[in-house]
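Visitor: One-letter residues, chain by chain:
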Amino acid sequence: MKAVFISYGQSLDRTIMELFDKLEIRGFSRWAETIGRGSISGEPHYGTHAWPTKNSTILSVMEDEKATILLEKLRALNAQAEELGMSAFVWNVENKL
Amino acid sequence: MKIYEMSVRKPISTILILVGVLVFGGYSLTRLSVDLYPDIEIPYLTVITAYPGASAADIEQNVSRVLENNLNSVSNMKRLVSSSRENTSIVALEFEWGTNLDEASNEIRDVIGRIESQFPDGVQTPMILKFSSSMMPVMYLYATAEESYGGIYKLLDERVVNSLNRIDGVGAVNISGAPEREIQVNVDPKRLEAFRITIEQIGQVIAQENLAIPAGAMDIGSERLAIRTQAEFNYVSEINDLVVVNFGGREIRVRDVAHVSDTIRTMTVRETLNGQRSVMMIIQKQSGANTVDIANAINAMLPELRATLPPDVELGVLFDTSTFITNSINSLTETVMYAFLFVILVILFFLGRWRATIIICLTIPVSLITAFIYLMFSGGTLNIISLSSLSIALVLVVDDAIVILENITKHLERKARPKDAAIYGTNEVWLAVIATTLTLLAVFLPLTMVGGMAGILFQPLGWIIAIVTTVSTVAAVTLTPMLAAYMMKYKNAHTYKGLGIVFKPIDAFLDKLDHGYARLLNWVVNHKLITLLSTGGIFVVSILLFSMVPQDFMPAQDQGQVEVSIDLPVNYNLEQTVAFAERLEARFMELIPEIKYLAVSSGASDQGGFAALFGNTGVNGVSYTMILKDRKDRNRTQQQLEDVVRAEVDLYPEVTTYTVGASMGGMMGSGTVDIKIFGFDFDETTAIAKEIQAKMREVPGAREVNISREDMRTEMRVEFDREKLARFGINTATAATFVRNRINGLTASVFREDGEEYNIVVRYDEEFRGSVDDILNIRLMNNQGATIMLREVATIVEDFIPPVIQREDRQRVVTVSVALGDGVPLGTIANAAREVIRETVTPAGVTVVLSGSVEDQENAFRDMGLLLVLVLLLVYIVMATQFESFSQPLIIMISVLFAFTGVFLALWITNTPLSLIALIGAIMLVGIVVKNGIIIVDFTNLQRERGLPINEAVITAGKSRLRPVLMTSLTTIFGMMPLAIGAGEGSEMWQPMGIAIIGGMTFSTLLTLLVVPTVYATFNIGRAKKERKDNMIEIE
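Just so you know, the protein sequences line up as chains U and L, in that order.
In terms of my numbering, the first sequence opens at residue 99 and continues consecutively.
In terms of my numbering, the second sequence opens at residue 4 and continues consecutively.
Keep in mind that the hints were calculated from the coordinates and are not lab data.
None of these values were measured; they are calculated from a predicted model.
Note that the Cβ used here is the ideal one computed from N, Cα and C, for glycine as well.
Watch out, some of these pointers could steer you wrong.
Said to hold, decoys possible - Listed next, the in silico PhoX-like pairs over lysine-lysine satisfying Cα-Cα at most 20 Å (straight line):
#: 1; chain 1: U; residue 1: K171; chain 2: U; residue 2: K100
#: 2; chain 1: U; residue 1: K120; chain 2: U; residue 2: K171
#: 3; chain 1: U; residue 1: K152; chain 2: L; residue 2: K193
#: 4; chain 1: U; residue 1: K152; chain 2: L; residue 2: K422
#: 5; chain 1: U; residue 1: K120; chain 2: U; residue 2: K164
#: 6; chain 1: U; residue 1: K152; chain 2: L; residue 2: K413
#: 7; chain 1: L; residue 1: K418; chain 2: L; residue 2: K531
#: 8; chain 1: U; residue 1: K164; chain 2: U; residue 2: K100
#: 9; chain 1: L; residue 1: K418; chain 2: U; residue 2: K152
#: 10; chain 1: L; residue 1: K515; chain 2: L; residue 2: K81
#: 11; chain 1: L; residue 1: K531; chain 2: U; residue 2: K171
#: 12; chain 1: U; residue 1: K100; chain 2: U; residue 2: K120
#: 13; chain 1: L; residue 1: K133; chain 2: L; residue 2: K81
#: 14; chain 1: L; residue 1: K81; chain 2: L; residue 2: K531
#: 15; chain 1: L; residue 1: K5; chain 2: L; residue 2: K492
As the list claims (entries may be wrong) - Simulated DEER-style distance windows between Cβ atoms:
#: 16; chain 1: L; residue 1: L873; chain 2: U; residue 2: M115; range: 20 to 30 Å
#: 17; chain 1: L; residue 1: P14; chain 2: U; residue 2: A130; range: 14 to 24 Å
#: 18; chain 1: U; residue 1: M115; chain 2: L; residue 2: P14; range: 33 to 43 Å
#: 19; chain 1: L; residue 1: F889; chain 2: U; residue 2: E116; range: 44 to 54 Å
#: 20; chain 1: U; residue 1: L121; chain 2: L; residue 2: L502; range: 23 to 33 Å
#: 21; chain 1: L; residue 1: L434; chain 2: U; residue 2: A130; range: 50 to 60 Å
#: 22; chain 1: U; residue 1: M115; chain 2: L; residue 2: I18; range: 42 to 52 Å
#: 23; chain 1: U; residue 1: L121; chain 2: L; residue 2: L434; range: 33 to 43 Å
#: 24; chain 1: L; residue 1: I18; chain 2: U; residue 2: E116; range: 33 to 43 Å
#: 25; chain 1: L; residue 1: S963; chain 2: U; residue 2: E180; range: 34 to 44 Å
#: 26; chain 1: L; residue 1: N1023; chain 2: U; residue 2: W189; range: 39 to 49 Å
#: 27; chain 1: L; residue 1: P14; chain 2: U; residue 2: E180; range: 24 to 34 Å
Pulled out of the complex, with its shape left as it was, chain L reads as follows (with noise of 0.2 Å):
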């Protein structure tokens, strides 16, 4: 029996089949989390190396330049980047997406090992960093105080953080931005002088005065008691009292020769929320927890943690990552129902009957359903890929139910039971539609091969979709048959009684249709050569339409977030960045409508942490976060926004650099052309660069040209006389540490209270030290207690910061980068920077190449047109062996080239450019237009078997397969509507798919229709084979 047959005899098997496959996918469905994109390694080590006291050019020559010769070996690298500057080298190691990042960090840790004993003493043992996913922020709170504002780190560092680090999967939870208690007690170098004290001398007796010891334990009758020494300070105004030395006779204290102030640190940073002080907290997951249920058990927590706040502190949340993620998926979510009722909508249109319509959509739950299970069990997550893969899925499902229901159709016009109907009506055209299956499976399995990034958003697609449609068949072949043989009926035409009365003009329209068709390609199969001419001329236009289309890597997504960070002048102060930020705080605001959340960071976190690691830190930064409103709330977006900071940014001369563009925008973003210039020779490199950066900047739509290597920093450099500082009997070491305490300060002790511990600085007050005068007057002191002053022992000259040497696989390197304005596609200013590439003389040993996400592009697209051409090769295989020919094929593929017009007018016409996600989507419609073809081609040759002419066959075959061919294409062009549309956050992602597909697919069913029947019948390829006339026995 086969299996179309048993589900018919046993349906209730069927039934309780489909309804484990529903429960056990609805389950899954439950089990899965939500996510943006699917887990991704980044695939980037750092190697951080460590050499205190060394100049760039000595680490690049000891350290850097020994570890890349040394790791250039690691497996799967791809690139080798440096970066050396003074104390540190960096270098980091880009892999192959995919790379199993344990494996390389052991083999980059062997090389270490077998290597460190080459490195000059002093540099320090190398650290592997790895970059993760968990790195990035989940969620920013704010706060904001008024009266507490002094005491608020101390309240969220108890109240809010340890409850948050609380919570499942958070993995750091970081304050920022909030005032630190600190107890300074600030000197009077003059009093110190009188008195001939050293700040270190009070900094001794702090530290010695505050302490308790242990003093060991007495046995007091028959008890054993402890004995401590207690003399820590109970208030800060004890220090006050100290007594440092005995001057003449009279104890000199603490407070004759500086004040003590219980205060705040001095702040390097001030961050603001729409203009108010405010203190950010930083959220970051664990590595491989789910952002969105972390982001929903700290919004559940928030009111709880309100409450234990004073009233005057507010507690909100800034930036939450989850919001964008489950708004993208809510939108897709709708996406995919809306498909689903535009395929509803079409069936019903053709079909015209409820039951066959019922019976034909319940392929598409059963079919998607076991997405889920699939995405379960490899352990991926609901995201962008996984759901649009089942709204690309869901029209393509529908098709093999389509056919097996039109032949079970036919078998009960012919009053045969409906039971029987379904049987030999699935056993006629099963093997066929299997056939069609298999062609989009050679579309979809090679997809599933993909390597690098378009692998990583590809081949969940490839799986999903195969899957999918093989679900789909198999459902076509059980479910369908089973459910005609219970529900369909013979019926005749329509009544048009009651709610019928709408199939009245719906009938009309397509016979209309019918006889409008049959009538045209008659027309065409008789004028030939016009036709295949006008082909031709098409196929000319859609080479010129390629050259038209610009190219892109990917789309541009609005996340609802503008960062902009601004480096001004090096010798800005806070106070002047702040009076900047401000200043231009107010023009954004008054600019841009659209932001719900502006906040402001100036300055440098004293900590830095790891941003200081990469980037410049200095108190002459500031950086922006504005959270946008949402999106249906504002007409412009993320990148129109963007310009709009930029064009204001670029009208402050005292800007020396700035970027714009959103965090999250690292990998999917837009990206930067980046031109590098590689030679050894700072001078000549970085004038070349100067050379292009201008040339670059006068290019359109160029945005933000900024040159990696920075210019030179001034700095104010203490240079000893070792000779003088011999004669007066201190060495170097002593005498910069002098410095450092009475700048820097020195910390003294700590102050205890309730339980927490606050430092005691000491240093000069900040009256003393302003000027290069305070500096050169700094008193040094020797162990007899002679005092000289450091303008006797040293200069201060004023100098410049050698800058960060950059090395790209093992050469120095500078880059120039250049920002995407909005709309601008990525290949436009590619060509821009080939041709200003090609203009710029270089001299010998200096190259300049184009890379950054051009280079990504060029990669991607190449390996497109490989599986394109791979794709291509198993359609056809699948198509001659099914025709058991080598031309049919060939004819069915010419729906294939109307695709790629198709898809390249419809960019044109909607201004979108030729992205990754579009050119994926010309993939696609090669397995989905070649149906279109298969269906005419067959049906023909079926009326050539059976003896018609061969035009009329072809103009029977037309007539007869017009309805199936427009019903799975109009069920594809309205399916993928929504996508195309793209209404929602994070559509922008895959609207030019959606484009691509509609273009293609509704271009090559309107030629399909017309230009396929005419080349059969041109070349009259379903000739009778000539049998060989060899041994044949004649009949009379």
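One chain only, chain U, in its complex shape (with noise of 0.2 Å):
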């Protein structure tokens, strides 16, 4: 089991919600709006005047091959969409309810 975590551009809310849909992953967490910046580069995402964007964010855990999957297809729309940016991490699961 892996844990998934994932901050985008809200914008890309709907296409990522597919994109659960579509690979059959049934479990997440959402926060709706979440601010933060991009560890290399893009603009910032703080829901300020300055920085007017804001993120969402998802946690979501599910089997190995799932969380592999789910990396590709985010890489791939991450390289089509990169301004509205894209961060995501996976880490291992020890245990679950």
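Take the two lone chains and join them into the complex the hints point to.
Guide: Below is the structure:
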């Protein structure tokens, strides 16, 4: 089992949800409005006057293979709309309910 | 869910709400009637009191003063004016605009009830008269005839007037200039003398022989029959055979002493149309009825009416006030359409995208149509004020949609899905959009609170623009994202294929513009001192310009009509008046080929009517009504032609006074400069008035310098010697009646024919009433039948009628009024008048003040000044809260300063005086130009917050905001273009506003783009605030 943490420009919301549906990833938690900035480049997403965009953040736990496919798909998506901003992190889940 | 998210997610609801608004607005539009101005109640009430037999001075002392002293307490009253003439006192009360006149007249009635007992015996109950717009004629019809001329009154009265009266909303129809049938018994006084008969005896005989008396009823058998004695004349000739007296055993009949003629009444008025004898029908409307509706109904009825008249009678429309109204409204509608088109073109030019242009332009009809809904609920009409407001609102409604769509496009370019782009794009800017709308409201809501006459013009304007811009903001955050979500697609740069080729040069141009501007801005920001000094220079120039632009109150309007009224010397009789009128008429026709109809009325109607109460009616007056050709068919304006008329009339020494002007121009006309001389002593004030008149005549541009106090008129007065009368055995009343019956005539009875009644008038034949001797030779008869000549008991003296005593605010006044020549601004003449007043030496107790339209203008300008301060303050507050800063709004307000400079520059270049309308344009500019400043400062702040150094931030922001600023400015400038060019009828009114807005906007935009960034950089306003050091946790 892997935990996947995705933070992305708010306007990618529906695209990501569609991707989850398509990959039949059922469980997730989403914070509709988060703020943050990327580690390397891109505009910050602060929801302020200077940087008005905001992020959405998803934390989802899934099978290992699904996580791999998801990451691939996300990479492709990010390549298409790089300016909207996206980061994803994957780590192991030790136990679950 | 936020409102924009809801509208994107529920497109059907959004579209249907929109359709609902459109349908409701369209329905409201069909229910609105068309009129020239909003419904205005003219704030005047008049109290008319008759006191028969009293002189002007008596009336002043006993009636006018008593009324004035007590009416002074009536609430909301602005001015109290009275005029006292022989037999009548007229007290006019002027109220503040918008006063409820019903309440005011109740108050006046109470006052009169309280003081009536103070009046001397013989003063009749005062009558309260209300002026109303319904007294203005709606339409003049003319009828000309050849064979039927004699009977035209009856024809028109029966066949035309009755039908017209049946039209809904028609108040009164008066026939003027038609001959009326009269049966005249013209007596030879020598024969009367010979047979010892009097006129009164003949009158008595005629009255007694022309009778029908019911004699009761009788039962005959089983029936009850009415009995009636019938002795009415069947033919006029029967009068000839009546026996008046037995004289020496001979029956003396009427034909022995008089000749009876069935003729038309002696007319004291002669009406012609284009030189042909004519009859005028004046149609007035009922209060509250719609002029255009009535005129349409009358026009529709005319063919039907013509069919009922004999073929030689020609019936036509001389003047139709609705034509001016419909033409004005049509030309304004055209203006709105052109503005719409220009706005679309500007947006397309800058965006280069069809879909985006459509989305933005859709907010225009949606927002504008709500104005119709407002008008329907507020009981308004489609008038030149509401339509001009629409044309102004039109340029303001697209701005919000432009900002929102621009941000949505930014998200689309980052490859967000259209729906998400629409929602999040709107989310980022919607608060800023609402803030800019608030600045507009800060300008237009105070307009709805303007009082006075200006309020009538600007209250609807304020409401309409406030409502429309608010709705446009709502549309921008609902309709625009919704449409963008479904219509916009991510698109690459222009491919320039097919029709798209037109964008190639445009894109190149815009790119060049961006670069050029960036370079210029860079230079300017690095040469701050020069920039700031030139800004100061411009400020000085604008103050100079302000003093150079002349001031005016209201722009003069071309209504396609010139009214001339001329007074000839008092002793002119109708023939002389007509001869003069014809001579001048021929000259007018020669000088002014622009005339379509020329109606001339010489002399005065006997009945006088309403006009006789106020004007001087006598056979020595002539009035001309010139109806000009359509505006597009002539080169000279009404005002130019008025000057032509004045120049011509000035050539005739016999003209005592004259006025030239349009009848409808009372309220909205260019007005007059009045110099009022207050003082009790007639001779003193008249002398000063004459002196001022002479000086004012020298002033270039001053026309028709008239004095309100007329010269004394001559009259012949019969003065009886009461002693002698008493000895002879008759009293003064009887003697006076004798004189009246012989000269004016005795209406003995009426002759009935076909249900109509015609007066039978007995008097001396015309040849016996032509000289003073004829009057002196009148024989009076006492009860014993003895006769005596008038010359034995009376003398005739020539005397002057004392002038009308005019008072204002309880003081005697004489007014010197000055009209304005073509293109002469009110302010110029007013300044000259001030100079003249300063030079005039006045004795103690006499004061000279400037009044008339100048007073209205000064009041209105003062109100506007106050309004401007209020508007600036409100705009400042809105901006300060938006930026949470005291200093940034001040930088933005530099653009307001440039706007005013631009206004004065544009007015000066186009030679337009600064009128109330131009001033209101300047005030509106406050709301419009600060938008540019807000856009620039806001974006510069943003760059600073993102950490750019000051100069870089200023240049980046300027460069990226150039297009939005140019786009909103150019939509305003081009949208105002049709108004400023003003081609149609009635366009003169709003032309100064168009010119002011274009001038202010252009100048302000150009300078705002350079100066605002420079000032921003100079004072480094956006610098990060230093946090206070207290309790600060240090981060190492």
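Visitor: Next step is simple, just say for each hint if it's right about the structure.
Guide: Hints, verified against the model:
For a cut-off of 20 Å, the pair hint linking K171 (chain U) to K100 (chain U) stands: about 16 Å separates their Cα positions. With a CA separation close to 11 Å, the supplied pair K120 (chain U) and K171 (chain U) stays within the 20 Å bound. Between K152 (chain U) and K193 (chain L) the CA atoms are separated by roughly 116 Å; this puts the pair beyond 20 Å, and the hint is violated. For the hint linking K152 (chain U) to K422 (chain L), the alpha-carbon distance of about 16 Å falls within 20 Å, and the restraint holds.
Straight-line distance between C-alpha atoms of K120 (chain U) and K164 (chain U) comes to about 11 Å, which keeps the hinted pair within the 20 Å bound. Straight-line distance between C-alpha atoms of K152 (chain U) and K413 (chain L) comes to about 15 Å, which keeps the hinted pair within the 20 Å bound. As the CA atoms of K418 (chain L) and K531 (chain L) are separated by approximately 41 Å, the hinted pair breaks the 20 Å bound. For the proposed pair K164 (chain U) and K100 (chain U), the alpha carbon gap of about 9 Å is at most 20 Å, so the pair holds.
For the hint pairing K418 (chain L) with K152 (chain U), the CA-to-CA distance comes to about 16 Å; that is within 20 Å, so the pair holds. For a cut-off of 20 Å, the pair hint linking K515 (chain L) to K81 (chain L) is broken: about 61 Å separates their Cα positions. Between K531 (chain L) and K171 (chain U), the direct Cα distance comes to roughly 54 Å. Violation of the 20 Å bound is thereby established for this hinted pair. For the suggested pair K100 (chain U) and K120 (chain U), the alpha carbons sit about 18 Å apart, so the restraint of at most 20 Å is met.
Restraint check for K133 (chain L) and K81 (chain L): the C-alpha separation of about 16 Å stays at or below 20 Å, so the hint holds. For the given pair, K81 (chain L) sits about 54 Å from K531 (chain L) by alpha-carbon distance, which is inconsistent with the 20 Å threshold. The suggested pairing of K5 (chain L) with K492 (chain L) is violated, with an alpha-carbon distance near 23 Å, which exceeds 20 Å. The beta-carbon spacing between L873 (chain L) and M115 (chain U), approximately 52 Å, falls outside the hinted interval of 20 to 30 Å.
Checking the proposed 14 to 24 Å range against P14 (chain L) and A130 (chain U) shows it holds: the Cβ atoms sit about 22 Å from each other. Roughly 20 Å separates the CB atoms of M115 (chain U) and P14 (chain L), a value that falls outside the hinted 33 to 43 Å. Roughly 49 Å separates the CB atoms of F889 (chain L) and E116 (chain U), a value that falls within the hinted 44 to 54 Å. At about 44 Å, the beta-carbon gap between L121 (chain U) and L502 (chain L) misses the expected band of 23 to 33 Å.
At about 19 Å, the beta-carbon gap between L434 (chain L) and A130 (chain U) misses the expected band of 50 to 60 Å. Between M115 (chain U) and I18 (chain L) the C-beta distance comes to about 26 Å, which lies outside the given range of 42 to 52 Å. With their beta carbons about 37 Å apart, L121 (chain U) and L434 (chain L) fall inside the hinted range of 33 to 43 Å. Range check, I18 (chain L) to E116 (chain U): Cβ separation about 25 Å, and the 33 to 43 Å hint is violated.
In this structure the supplied range 34 to 44 Å is violated for S963 (chain L) paired with E180 (chain U), their Cβ-Cβ distance being about 21 Å. The beta-carbon spacing between N1023 (chain L) and W189 (chain U), approximately 47 Å, falls within the hinted interval of 39 to 49 Å. About 30 Å separates the C-beta atoms of P14 (chain L) and E180 (chain U), a value consistent with the hinted range of 24 to 34 Å.
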